[in-house]
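Chemist: First to last, the protein sequences are chains A and B.
Quick note, the first sequence lines up with residues 7 to 414 if you use our numbering.
Quick note, the second sequence lines up with residues 90 to 465 if you use our numbering.
If you are wondering where the hints come from, they were derived from the structure by calculation, not from laboratory data.
Hints are not guaranteed to be accurate.
[Claimed, not checked] Dumping the calculated PhoX-like pairs for lysine-lysine here, alpha-carbon to alpha-carbon at most 20 Å:
{"id": "1", "chain 1": "A", "residue 1": "49", "chain 2": "A", "residue 2": "213"}
{"id": "2", "chain 1": "A", "residue 1": "385", "chain 2": "B", "residue 2": "360"}
{"id": "3", "chain 1": "A", "residue 1": "403", "chain 2": "A", "residue 2": "193"}
{"id": "4", "chain 1": "A", "residue 1": "49", "chain 2": "A", "residue 2": "132"}
{"id": "5", "chain 1": "B", "residue 1": "228", "chain 2": "A", "residue 2": "385"}
[What the hints assert, rightly or not] Selected chain B positions facing chain A (Cβ under 7 Å, derived; list incomplete):
{"id": "6", "residue": "220"}
{"id": "7", "residue": "412"}
{"id": "8", "residue": "438"}
For every residue, glycine included, the Cβ atom is placed at its ideal position computed from N, Cα and C.
Listed below, chain by chain, are the residues.
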Amino acid sequence: MNFDDNPEEAAYRAEVRAWIEGNAPDLSVLTAEERRTWHPAHKEAARQWQVVKADAGYACISWPREWGGSGGTNIQEAIFNQEEARAGVQFTYFMTGLHFLLPALLEHNQDELTLSLIPSAVRGDKIWCQLFSEPSSGSDSAGARCAAVRDGDDWVINGQKVWNSGAQASDYGLLLTRTNPDVPKHKGLTVFWVDMTTPGLEVRPIKMMSGDAELNEVFLTDVRIPDCQRVGEIDGGWAVVISTLMNERAALGSGTGLSWRDVMALARQTPSWEGTVMDDPAFREWFADYYIRTEAVRLTSFRTLSSLSRGEAPGPESSAGKLLWSNSTQDMSSQAVDLLDMSGLLVDAEDAAANGAFQHRFLWAPGLRLGGGTDEILKNVIAERVLGLPGDVRLDKGVPFREIPSGR
Amino acid sequence: MNFDYTDEQKSLKDEARRFLAAVSPLTAVRAVLEEPGIGHDPALWKRICEQGWCGAAIPEGYGGLGMGYVDLCALAEELGRSLAPVPFASTIYQFAEALVIAGNEEQKQRLLPLVSAGEIIGTLAASEGPGVLRSDALKVRYVDGKLSGTKVPVIDGLAANWAIVLAASDEGSVLVLVDLSQGSVQREVVATLDPTRGAARIHFDGAAGEVIGQAGQGAQLLARVQDHAAVLLAFEQVGGADRCLEMARDYALERYAFGRQIGSYQAIKHKLADMFIANEVGRANAYYGAWALSTQAPELPLAAAAARVAASAAYWQASKENIQTHGGIGFTWEADCHLFYRRARHLGLVVGAPRDWKRRLATRIEQQVAAEGIAA
Ligand SMILES: Cc1cc2nc3c(=O)[nH]c(=O)nc-3n(C[C@H](O)[C@H](O)[C@H](O)COP(=O)(O)OP(=O)(O)OC[C@H]3O[C@@H](n4cnc5c(N)ncnc54)[C@H](O)[C@@H]3O)c2cc1C
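Here chain A stands alone, though its shape is the one from the complex:
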């Protein structure tokens, strides 16, 4: 075990650190407002950075060259990500495509058409979104109803998707459909990739409680998709879903957003009974607890990395990282708002401490505990898949999909 860089890693780190310093976009020219994710100026800065990275071979470091990657190691990619985070130039727009969806897509399809989709994604010119959840099936992704019916060389799709992050700005989606309702639910699913401009596909943004609108509903009415856009086998879609969900939990489990350093800076600048909040013994105790949890997320992601570099897929244990990250983030945002006392109520960038970043996090935090697998589902995964405890009594097992009780 060694958390230090070995000599090659250290050399690589020095190289990318220097390169990032010389090439990273200067976000300080943006206003606080413009620095928020999905602001057009922010998105454009992210896209340009992606192009610069792609040209230098830093966009998809660990991907094989045939996929348009650099054929590097996962460790190198992780080092690059750490250095990006350190320089404050990490963006989330391309994460869904590059980290969750495309690796799963390429695992199942390696034809020329599929490979042709990759360069534009790597360069940040095209954005991908995940079209799995539906009004009646979120946790239960295998309960998808969105129907795909074969018609010659095409499939005709009818149904509705929901909670699709970034779909409003996406060019492509990975779509989960039901191709057979007469078999148990996991056995009648098929995945397609779809161009978001296909006729019959309509995206409607959903305003979230934070006031942002980066989740969407997607309506599909007689959308025709050629069979060559099918991912994996007919009725074999569940395998594709599993690959993406595992990638997603592993990526979310590596943690993003405000860090303990930001919390510490806030505590140091906020007056308390004596000195600053950082001097308050009760705060220090909480901070110590918070630190070990967020560090555990980071350090566990290194372990995941070690298993990835041995060629293993991210396993169910990455659920723990995602749970820890989302819950400690909610706790942290709550603490941060409280330590400001009444001023913690202020939300506008001009009025609020740290430009309102903690308040914005506070209003976002509930979503972190839901997206990418809810707390309850992830705990079930740990209990059943890691610890080997028996599963819940299932009313939907072995039952043809159309006979499963569904409430509303």
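Once you have looked at the hints, place chain B with the ligand on chain A.
Modeler: Positioned in the frame of chain A, the structure of chain B with the ligand alone reads:
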């Protein structure tokens, strides 16, 4: 000993619930959310004033109904439950209580009848910037009868006609009564986590004000006012937390996942049971606070701090786990869950954050134990 509302109080509470359900549905709260403006619903405020609720606990000699604090607690619980977007807490729990506690006879005669009649909106302005309120480091100053400096955020600061302001003076901290309609008072809206409760930044530029209570005693008087407010706010918090639990239960009954009602999963059952327990902790401590407040018992400072700590924790837990129970729907602007998440934090901060009240509570427990030692 009777640790419950009387039958009359129960029927007052039922009546208040029916009334608020009719005049303050969540659609009314949402209307303020969408168009915050001054941060409340003036038409609704008028109707609530017409009910006479403003004077519920104000003595009859000052135009109130003199019903007592437990009745006011019952109303607070219903107001909290309904999320009524009105300046009731600022005007009644803080401004009026400050007058009752610290005002002289003339000040009470002049202002409490107006409060009782719903003719004025009042507020209390203490906070000046990030961090716990420190009365030894106030920047707003009161010199020669004039106030100068900035208070932010002041809840209902834009709608209020009068404010009681904590300021520094040559004699030490002081509470100052200020008419906010003067030209030397400038106010601007500030956006907060709960847009359904308005807030402002108020600049005083030599505004005329009169002392409330004794100069030099401002911080001590404020602490007493906050004890009263903490008990009353605890009832709003418990009312809101109960509503969250009901919403979560109703949804858990109707929503299906994996072919079963989500309420049939132990993860959800235990979550709701934990919310219930936290709410009972909040309620038990709030009731004790109501008793201490209504009898002006020596235990009031302790009971008020306990009520505030317990009710703030309950509402936080209930509001966030209600969202969690609702899944993706709960995270939308469209769903009502976030109205409670926002209000929970608003109420949890308005008279100081729980971390401050936990310290007060521990100190007051020590004081009470020390006093018992002397008595024994
Ligand atoms: C910020 C965010 C981003 C998202 N991004 C995407 C995206 O890009 N693409 C996409 O397809 N989807 C996305 N989702 C959807 C997300 O995956 C679902 O919202 C989530 O899985 C929950 O589904 P649901 O809303 O239907 O809740 P439900 O499944 O109805 O769950 C309701 C409650 O019941 C609990 N529950 C359900 N089943 C069980 C069980 N077996 N045992 C115990 N408790 C249970 C849940 O934990 C939850 O508390 C996103 C959601 C959010 C909030």
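Chemist: Would you mind marking each hint as holding or not holding in the structure?
Modeler: Here is how each hint holds up against the structure:
1. A/49 with A/213: With Cα atoms ~19 Å apart, residue 49 of chain A and residue 213 of chain A stay inside 20 Å; holds.
2. A/385 with B/360: holds (13 Å)
3. A/403 with A/193: Measuring from Cα to Cα gives roughly 11 Å; hence the hint holds.
4. A/49 with A/132: Satisfied, since the Cα-Cα distance of roughly 12 Å is no more than 20 Å.
5. B/228 with A/385: violated (50 Å)
6. 220: Since chain A brings a Cβ to about 4 Å from residue 220 of chain B, closer than 7 Å, the hint holds.
7. 412: Nearest chain A Cβ about 4 Å off; hint holds.
8. 438: Because about 5 Å separates residue 438 of chain B from the closest Cβ in chain A, which is inside the 7 Å limit, the hint holds.
Hint 5 from the earlier list is the only one contradicted by this structure; the remaining hints agree with it.
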